[in-house]
Amino acid sequence: DSGVTQTPKHLITATGQRVTLRCSPRSGDLSVYWYQQSLDQGLQFLIQYYNGEERAKGNILERFSAQQFPDLHSELNLSSLELGDSALYFCASSVTSGADTEAFFGQGTRLTVV
Amino acid sequence: TQLLEQSPQFLSIQEGENLTVYCNSSSVFSSLQWYRQEPGEGPVLLVTVVTGGEVKKLKRLTFQFGDARKDSSLHITAAQPGDTGLYLCAGAQSSYKLIFGSGTRLLVRP
Numbered sequence: 001d002s003g004v005t006q007t008p009k010h011l012i013t014a015t016g017q018r019v020t021l022r023c024s025p026r027s028g029d030l031s032v033y034w035y036q037q038s039l040d041q042g043l044q045f046l047i048q049y050y051n052g053e054e055r056a057k058g059n060i061l062e063r064f065s066a067q068q069f070p071d072l073h074s075e076l077n078l079s080s081l082e083l084g085d086s087a088l089y090f091c092a093s094s095v096t097s098g099a100d101t102e103a104f105f106g107q108g109t110r111l112t113v114v
Numbered sequence: 115t116q117l118l119e120q121s122p123q124f125l126s127i128q129e130g131e132n133l134t135v136y137c138n139s140s141s142v143f144s145s146l147q148w149y150r151q152e153p154g155e156g157p158v159l160l161v162t163v164v165t166g167g168e169v170k171k172l173k174r175l176t177f178q179f180g181d182a183r184k185d186s187s188l189h190i191t192a193a194q195p196g197d198t199g200l201y202l203c204a205g206a207q208s209s210y211k212l213i214f215g216s217g218t219r220l221l222v223r224p
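Listed in order, the protein sequences are those of chains A and B.
If you read the first sequence in our numbering, its first letter stands for residue 1, the second for the next number, and so on.
If you read the second sequence in our numbering, its first letter stands for residue 115, the second for the next number, and so on.
Take the hints with a grain of salt, since some may be wrong.
Said to hold, decoys possible - Simulated restraints on C-beta separations:
no. : chain 1 : residue 1 : chain 2 : residue 2 : range
1   : B       : E119      : A       : L61       : 19 to 27 Å
2   : B       : S140      : A       : V114      : 18 to 26 Å
3   : A       : T96       : B       : H189      : 26 to 34 Å
4   : B       : K170      : A       : R18       : 31 to 39 Å
5   : A       : E82       : B       : S141      : 27 to 35 Å
6   : A       : T96       : B       : K171      : 38 to 46 Å
7   : A       : Q17       : B       : N132      : 25 to 33 Å
Worth flagging that the hints you see were computed from the coordinates, not collected in a lab.
Quick caveat: nothing in here was measured; it's all calculated off a predicted structure.
Glycine included, each C-beta is placed from N, C-alpha and C at the ideal position.
Work out the full structure: start from the sequences and follow the hints.
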């Protein structure tokens, strides 16, 4: 158990819909990262927050947004869903914001868009 | 564009054999991490290498960071079925971004 909690574990929704994925970081970790993992593209970095502020952005679509709340949990919002958005979405957390620090991953949310 | 290329993509070997997985890039990274991911789980960090030429050992696993900090390798000695999984390398591209390779799927047959 990494200490990072992601909910829900599985999500099935229709195209055009909007979903929210939730992540609770390890106790004491200030940094939260979101990654998308699909079969053909590996783990793609989406976005990072540190202590409530956006710190880095990767290949995140405009239809996607995220935020980190004062209690440090984070949410990833995916809207106008397309079939191609079906993937595993991972959240990771670390104590500091540097990419050199050890990041602990949650078990992921498997999103299926039908 | 994949900044980190891993090879081979798939590897199926017999228990007791040795293997090497490679992680290559044309970019320089400040550090490189290796993760192992099992089905239904998130990646778990195995090691971080920081200095060019650095070699780290973790039981039967040996990790090496290239002198120019552009490539890395993972060598497993006497592989066991418990080593089965997806091995991912990840490079720190900037202070905040961690870029992952496409992964190597390893199957160790009893």
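If you check the beta carbons of Q17(A) and N132(B), does the distance land in 25 to 33 Å? With Cβ atoms ~49 Å apart, the hint is violated.
* Asked: Is the gap between the beta carbons of S140(B) and V114(A) within 18 to 26 Å?
  -> Between S140(B) and V114(A), where Cβ atoms are some 39 Å apart, the hint is violated.
Does the beta carbon distance between E119(B) and L61(A) stay inside 19 to 27 Å, or does it fall outside? holds (24 Å)
Practice task
Just tell me: holds or violated, for the beta carbon distance of K170(B) and R18(A) against 31 to 39 Å?
Solution key: For R18(A) against K170(B), whose Cβ atoms are near 44 Å apart, the range 31 to 39 Å is violated.
*Pairwise beta carbon distance, T96(A) to K171(B), judged against the given window 38 to 46 Å*: Roughly 26 Å apart at Cβ, these two residues miss the hinted range, so it is violated.
Take the C-beta atom of E82(A) and the C-beta atom of S141(B), compute their distance, and say whether it sits inside 27 to 35 Å.
-> With Cβ atoms ~30 Å apart, the hint holds.
> Regarding T96(A) and H189(B), is the given constraint of 26 to 34 Å on their beta-carbon distance met?
Replying inline: About 30 Å separates the Cβ atoms of T96(A) and H189(B), which means 26 to 34 Å holds.
Going down the numbered hints, you'll see the structure goes against 2, 4, 6 and 7, while the others check out.
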